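Just need the whole structure built from these sequences, with the hints factored in.
Residues per chain are reported as follows:
2 protein chains.
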Amino acid sequence: MSQEVEYSVFYWPGIPGRGEFTRLAFEHAKTKYNDIGDIPELLRLLSNKDVPGIAAPHFAVPVLGVRDKSMDKMHYISQVPAQLSFLAPRLGLLGDADKLQGLERDVAVAQIYQLCATALDMNTETHDTHHPISVSSLYEDQKKEAKKRAADFRTNRVPKFLQLFEVALSKDGAGVDKKDSGKKRMYGSKTTVADLAVFQVLDGLLFAFPKCLGKHRSSGEYKHVFELYDEIKGELKEYLDSDRRRPYSDGIFRHYPELDDE
Amino acid sequence: MSQEVEYSVFYWPGIPGRGEFTRLAFEHAKTKYNDIGDIPELLRLLSNKDVPGIAAPHFAVPVLGVRDKSMDKMHYISQVPAQLSFLAPRLGLLGDADKLQGLERDVAVAQIYQLCATALDMNTETHDTHHPISVSSLYEDQKKEAKKRAADFRTNRVPKFLQLFEVALSKDGAGVDKKDSGKKRMYGSKTTVADLAVFQVLDGLLFAFPKCLGKHRSSGEYKHVFELYDEIKGELKEYLDSDRRRPYSDGIFRHYPELDDE
Numbered sequence: 001m002s003q004e005v006e007y008s009v010f011y012w013p014g015i016p017g018r019g020e021f022t023r024l025a026f027e028h029a030k031t032k033y034n035d036i037g038d039i040p041e042l043l044r045l046l047s048n049k050d051v052p053g054i055a056a057p058h059f060a061v062p063v064l065g066v067r068d069k070s071m072d073k074m075h076y077i078s079q080v081p082a083q084l085s086f087l088a089p090r091l092g093l094l095g096d097a098d099k100l101q102g103l104e105r106d107v108a109v110a111q112i113y114q115l116c117a118t119a120l121d122m123n124t125e126t127h128d129t130h131h132p133i134s135v136s137s138l139y140e141d142q143k144k145e146a147k148k149r150a151a152d153f154r155t156n157r158v159p160k161f162l163q164l165f166e167v168a169l170s171k172d173g174a175g176v177d178k179k180d181s182g183k184k185r186m187y188g189s190k191t192t193v194a195d196l197a198v199f200q201v202l203d204g205l206l207f208a209f210p211k212c213l214g215k216h217r218s219s220g221e222y223k224h225v226f227e228l229y230d231e232i233k234g235e236l237k238e239y240l241d242s243d244r245r246r247p248y249s250d251g252i253f254r255h256y257p258e259l260d261d262e
Numbered sequence: 001m002s003q004e005v006e007y008s009v010f011y012w013p014g015i016p017g018r019g020e021f022t023r024l025a026f027e028h029a030k031t032k033y034n035d036i037g038d039i040p041e042l043l044r045l046l047s048n049k050d051v052p053g054i055a056a057p058h059f060a061v062p063v064l065g066v067r068d069k070s071m072d073k074m075h076y077i078s079q080v081p082a083q084l085s086f087l088a089p090r091l092g093l094l095g096d097a098d099k100l101q102g103l104e105r106d107v108a109v110a111q112i113y114q115l116c117a118t119a120l121d122m123n124t125e126t127h128d129t130h131h132p133i134s135v136s137s138l139y140e141d142q143k144k145e146a147k148k149r150a151a152d153f154r155t156n157r158v159p160k161f162l163q164l165f166e167v168a169l170s171k172d173g174a175g176v177d178k179k180d181s182g183k184k185r186m187y188g189s190k191t192t193v194a195d196l197a198v199f200q201v202l203d204g205l206l207f208a209f210p211k212c213l214g215k216h217r218s219s220g221e222y223k224h225v226f227e228l229y230d231e232i233k234g235e236l237k238e239y240l241d242s243d244r245r246r247p248y249s250d251g252i253f254r255h256y257p258e259l260d261d262e
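Protein chains in written order, with the UniProt record's numbering: chain A, 1 to 262; chain B, 1 to 262.
Heads up, some of the hints might be wrong.
Note: identical chains are not told apart, hence a pair may lie in one copy or across any two.
Derived pair list, reagent style DSSO-like, types lysine-lysine, alpha-carbon separation capped at 27 Å [as the list claims (entries may be wrong)]: (1) Lys143 <-> Lys160; (2) Lys99 <-> Lys233; (3) Lys215 <-> Lys143; (4) Lys30 <-> Lys99; (5) Lys49 <-> Lys69; (6) Lys49 <-> Lys160; (7) Lys73 <-> Lys184; (8) Lys190 <-> Lys49; (9) Lys223 <-> Lys237; (10) Lys73 <-> Lys190; (11) Lys184 <-> Lys237; (12) Lys49 <-> Lys223; (13) Lys49 <-> Lys184; (14) Lys99 <-> Lys73.
Note that these hints are calculated values from the structure, not bench results.
Every value quoted in this text rests on a predicted model; they were computed, and no experiment measured them.
Here is the structure:
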């Protein structure tokens, strides 16, 4: 199947951004994709006009292109959660859920997407720390509100998300220690799209809020979370060391010292 | 299959909230579900402790309960996008995508989830109009910022979302008029979870921002969007007229006249 499909990721050039969640799926699976950051092409896709194959219009990038080579037909999918749910079974990123069948499998797949959605919510909330009022205005025009929102994010939201990831990694619902039962990933024992999403949001936060995240890391309170982070970083090492991985700058993850802990 | 599964929706009592997106799937499909608003039970689920069957911890409600009667086993899924992607194929809410196979089907399903995700993004942004700084503080403590964010939402975001829905309903990617080709839903000709999500966010916005939405409705610019709204409202009439449908009050959709158009 994968031989007959050619993938492309369309996203703003030069930043990891939301496109990175989709890129990481390809990179972890060592599956080839075209990484397209050509701005006129992106604007053409986002215009939702005169692009054959667009069945559902796009609100934003990343757009995933799926070319069916057997029919020479191009399909487009936007929205990261939709892209990850499309790609996960094709790229072998459902981990232990792939061994299940019927209702058990459908539930496990939904639980993996549930964990992805929570990591992506954390990503959205990170963006809103520097743009709490308007995405179409500059940070400089909403600095006062950004400072308030970032303080709330650091105090209330970051610990709540980290706690959720820690529980996913350390206990099951019946309180059984996951390490004892071989569960060292967000879902089960093998890397899924949920682990990649958690890795990416943590990596961005370590750049954007180094003091806040540094404290949480050294506290030991979220030990399993940072262990997961390090392990996934190892699995992605070849990519992260390559020039395909963009540096953080002016995207979702921005380092404004005034928004971080003192 | 559906005979052997018992569904429950766990959500805060008394408000439609995010739980409504999941409820509408059951109501449209005329499929029985237990609607559970028992607060101690919700808090027990959200504690992520000592609840057998929780494979992935919950960040928030709604939580979907799926009891496998054949094994008397309870599964839990949270996050609305994960719930809708689990339920859509089981409740017959994939519309025309259900007739497809292989890659074509997988793409179509992803495009339906893409449209759902966009409607759910609009829902999140609606929430943030009255809570732009902190979800754990009162509206009264962030009124000034709420006024700014709501102004941006009305001016920039509402038209952008409505425009996206309008394009989905009126044209395909090649510019072909959808009504001419029988496509009268967000995806294809039959109601899917995407139509239900768009209906619900519009219904909530008509309550929360009656002046802003009223202007858009009467402008005729988003004619297909409001036609869809009316048609889905008709399909859900029995439910909407029943006492199972909660009134809006103090949830995501709140009517603060000072946040609406003048």
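At most 27 Å between alpha carbons: which applies to lysine 49 and lysine 160, within, between, both or neither? Between copies only: 15 Å across chains, 42 Å inside a chain, cut-off 27 Å.
Is it within a copy, between copies, both, or neither that the alpha carbon of lysine 73 lies no farther than 27 Å from that of lysine 190? between (33 Å within a copy, 24 Å between copies)
For the identical chains here, do lysine 143 and lysine 160 meet the 27 Å Cα criterion within one copy, between copies, both, or neither? both (24 Å within a copy, 25 Å between copies)
Intra/inter-copy verdict for lysine 49 and lysine 184 if alpha-carbon distance must be at most 27 Å: Between. Shortest inter-copy distance 18 Å satisfies the 27 Å Cα cut-off; intra-copy 46 Å does not.
When no copy is named, should lysine 215 and lysine 143 be tagged within, between, both, or neither for a Cα gap of at most 27 Å? For lysine 215 and lysine 143, the Cα distance is within 27 Å only inside one copy (24 Å; across copies 32 Å).
Identical-chain pair category, lysine 190 with lysine 49, by Cα at 27 Å:
So lysine 190 and lysine 49 pass the 27 Å test across copies only (23 Å; inside, 41 Å).
| said: Cα distance capped at 27 Å. Does lysine 99 pair with lysine 73 within a copy, between copies, both, or neither? | reply: between (31 Å within a copy, 19 Å between copies)
field: Homo-oligomer pair classification [lysine 237, lysine 223; C-alpha up to 27 Å]
entry: within (21 Å within a copy, 51 Å between copies)
Up to 27 Å between alpha-carbons, please classify lysine 73 paired with lysine 184: within, between, both or neither. between (40 Å within a copy, 24 Å between copies)
Fill in: Homomeric proximity label, lysine 49 with lysine 69: Cα distance no greater than 27 Å
Close inside one copy (23 Å), not across copies (48 Å); limit 27 Å.
Is the C-alpha distance from lysine 184 to lysine 237 at most 27 Å within one copy, between copies, in both cases, or in neither? Within one copy, since 19 Å is at most 27 Å while 47 Å is not.
_At most 27 Å between alpha carbons: which applies to lysine 30 and lysine 99, within, between, both or neither?_
Result: close within a single copy only, 21 Å intra versus 32 Å inter.
The structure fails none of the hints (numbered hints given earlier).
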